[in-house]
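As given, the protein sequences belong to chains B and E, one line each in that order. At position 54 of the first sequence (counting the first as 1) the number is 54 in my numbering, and the numbers step up by one without a gap. At position 49 of the second sequence (counting the first as 1) the number is 49 in my numbering, and the numbers step up by one without a gap.
There may be inaccurate statements among the hints.
[Stated by the list, open to error] Per the computed footprint, the stretches of chain B lying under chain E, defined by three or more beta-carbons under 8 Å from a beta-carbon of chain E, are:
#, segment
1, 35–45
2, 193–203
3, 424–434
[Said to hold, decoys possible] Label pairs and their computed distance ranges (CB to CB):
#, chain 1, residue 1, chain 2, residue 2, range
4, B, Ser278, E, Asp79, 28 to 34 Å
5, B, Asp270, E, Met78, 30 to 36 Å
6, E, Ser19, B, Gly247, 45 to 51 Å
7, B, Glu382, E, Gly45, 21 to 27 Å
8, E, Glu29, B, Gly150, 41 to 47 Å
9, E, Pro41, B, Leu460, 34 to 40 Å
10, E, Met78, B, Arg258, 26 to 32 Å
11, B, Glu259, E, Ser19, 31 to 37 Å
If you are wondering where the hints come from, they were derived from the structure by calculation, not from laboratory data. Just so it is clear, CB atoms sit at the ideal spot from N, CA and C, and this is done for glycine as well.
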Amino acid sequence: MQSAIAALDLCALADAVAKGEVTSVKATTVALERLDLIGRKLNAVVRLDDERVLNAAEAVDKLRASGAALPVLHGVPLAHKDLFYRAGDLSGGGSKIRADFRADVTATVIARLDAAGALDLGRLQLAEFAMSPTGYNESLGHARNPWNPGHVPGGSSSGSGVAIAARLVTGSLGTDTGGSLRHPGAMCGLIGLKPTWGLVPTDGVMPLSASLDCTGPLARTARDAARLLSVIADRDYEATLDRGVTGMRIAIPGGYYRELLHPDVATVLDEAVKTLRSLGVTIVETTPPDMALINALMQVVMSVEAATIHRRWLIDRPQDYADQVRSRIEPGLLYPATRYVEALSLRTQITQQWIASCIGSADLALLPAISIPVPTIAATTEGNPADVAAVIGQLTHCTRGINYLGLPGASVPCGFDAAGLPIAFQLVGRPYAEADILRAAHAYQGATDWHHRVPDAAELN
Amino acid sequence: MSRLTCYSSASACIEVIMSEDLLRQVAAELNKAPGAAERTPRMTGLVVENNTRVATAAIQDMAFDSTPYAYQAWLAGMDKR
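Looking at chain B on its own, in the form it has when it is part of the complex (with noise of 0.2 Å):
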């Protein structure tokens, strides 16, 4: 019962709830076990609430015996993101400068989850304030991915990425600075969906980099994310989930997107292609514009804006973040101000120019998601210091920009690389195209069987 509980995924554990086949409690239950067994082996949690969550599962089954309309996530329990402030609850930001703080505020995003019957159980595991994307931690200890304990599970959301695909909690909140969402998508096999800027409210979020960060959900199946996105952004994304990919047309860039790409990461990308055919895609190729100059702006945005909210820390208690981390802001202490103001300024024709060279008179782009197969922990972490800023580098070669540009953006797990770990495409629309990006995520998912493959780290077996 436990073990074809954990198995659900997010929508038909939300049937199974409405229907009363599986109670809240049972469902809560077997989620904070699991967490507690599973989750901590994999270095997932931070902090589980088991009492309040199992009182209001309580409450939940209830208020369904009584008859009442249920909304859609009725009784469906969560975790996510150490980033995500509910009032009196700590929110650490996975740092040690921060595992004091106590939010006075709630987020939106959870606010409208507990309106729509989710239930929180507490804080999973993230890179040092959401820095990296391998899920570096060097105060808390690193997430170790469910498919391969050796690998990094991808950040900065590591803990929400490593929570589903080891079939702990069904869905998760996590945020995307320069591919936060999408890194713990593509290396735990998930869809991992960055909405486009601004769409989602960040309130009551740690921030990083204001005109970067985006909260969005991840998920094993585009219908879990669509159910997620739905909720937060406030917005129906299922509706036209399974209209099909017919006469879509989507665009491959090549140049910078194929510079570092794996031969297998290159073998698996174009299977997804052909399928993608198959179902009906129009396939076309594209050339991108110039990418150094989107990356540069993208770091002056990012590091300037991270230096703002750190530098008090940065002066007070600089031994309190990992090096790896305090490197990735402090640059941003030594831009001149009217770098800060161009970068911003140039955002809307940067962005015109890539939608144009990117996808022309297509309707999504198709990037990798990652160009080289999951690195292991000590690839990201040990060594000569410049060979692991090169793996870092290589991780964020194809994500980082596009939140520069701010559209939205998804990881669609395809198949896996020699080692056993997960490979995925990345899907990129044009501003607010998160239904065409799940609709194509939901055709190829109808066509593969890749979401639903389980890794041995689950105990599913």
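Since the structure of chain B is already known, use the hints to place chain E on it.
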């Protein structure tokens, strides 16, 4: 001293010179962050490169009447809801 005088995509290059000493001063005196000032050498190359790319693009491509707030207005216009 770190100097970046040109990059491949720029038709008109801007010479940008940012010395380590200047950046160290910015960290130490303008930002009051002495630890960051000590670590300036490892940041200089990155900062000079990004500064030059953005400065050059702004001179070449940024409209005089541009504003950092135009992006939000453009995004809002793209929202068909």
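Hints versus structure:
1. 35–45: Answer violated; 0 residues pass the 8 Å Cβ test.
2. 193–203: Result for this restraint: holds, n = 3.
3. 424–434: As far as the segment 424–434 of chain B goes, the hint holds, because 3 residues have Cβ atoms under 8 Å from chain E.
4. B:Ser278 to E:Asp79: 28 to 34 Å: With Cβ atoms ~33 Å apart, the hint holds.
5. B:Asp270 to E:Met78: 30 to 36 Å: Taking Cβ atoms as reference, Asp270 of chain B and Met78 of chain E lie about 32 Å apart, which means the hint holds.
6. E:Ser19 to B:Gly247: 45 to 51 Å: Given a distance of about 57 Å, which is not inside 45 to 51 Å, the answer is violated.
7. B:Glu382 to E:Gly45: 21 to 27 Å: holds (23 Å)
8. E:Glu29 to B:Gly150: 41 to 47 Å: holds (45 Å)
9. E:Pro41 to B:Leu460: 34 to 40 Å: Violated, at about 51 Å.
10. E:Met78 to B:Arg258: 26 to 32 Å: About 28 Å separates the Cβ atoms of Met78 of chain E and Arg258 of chain B, which means 26 to 32 Å holds.
11. B:Glu259 to E:Ser19: 31 to 37 Å: holds (32 Å)
Violated hints, listed in ascending order, are 1, 6, 9; each of the other numbered hints is respected by the structure.
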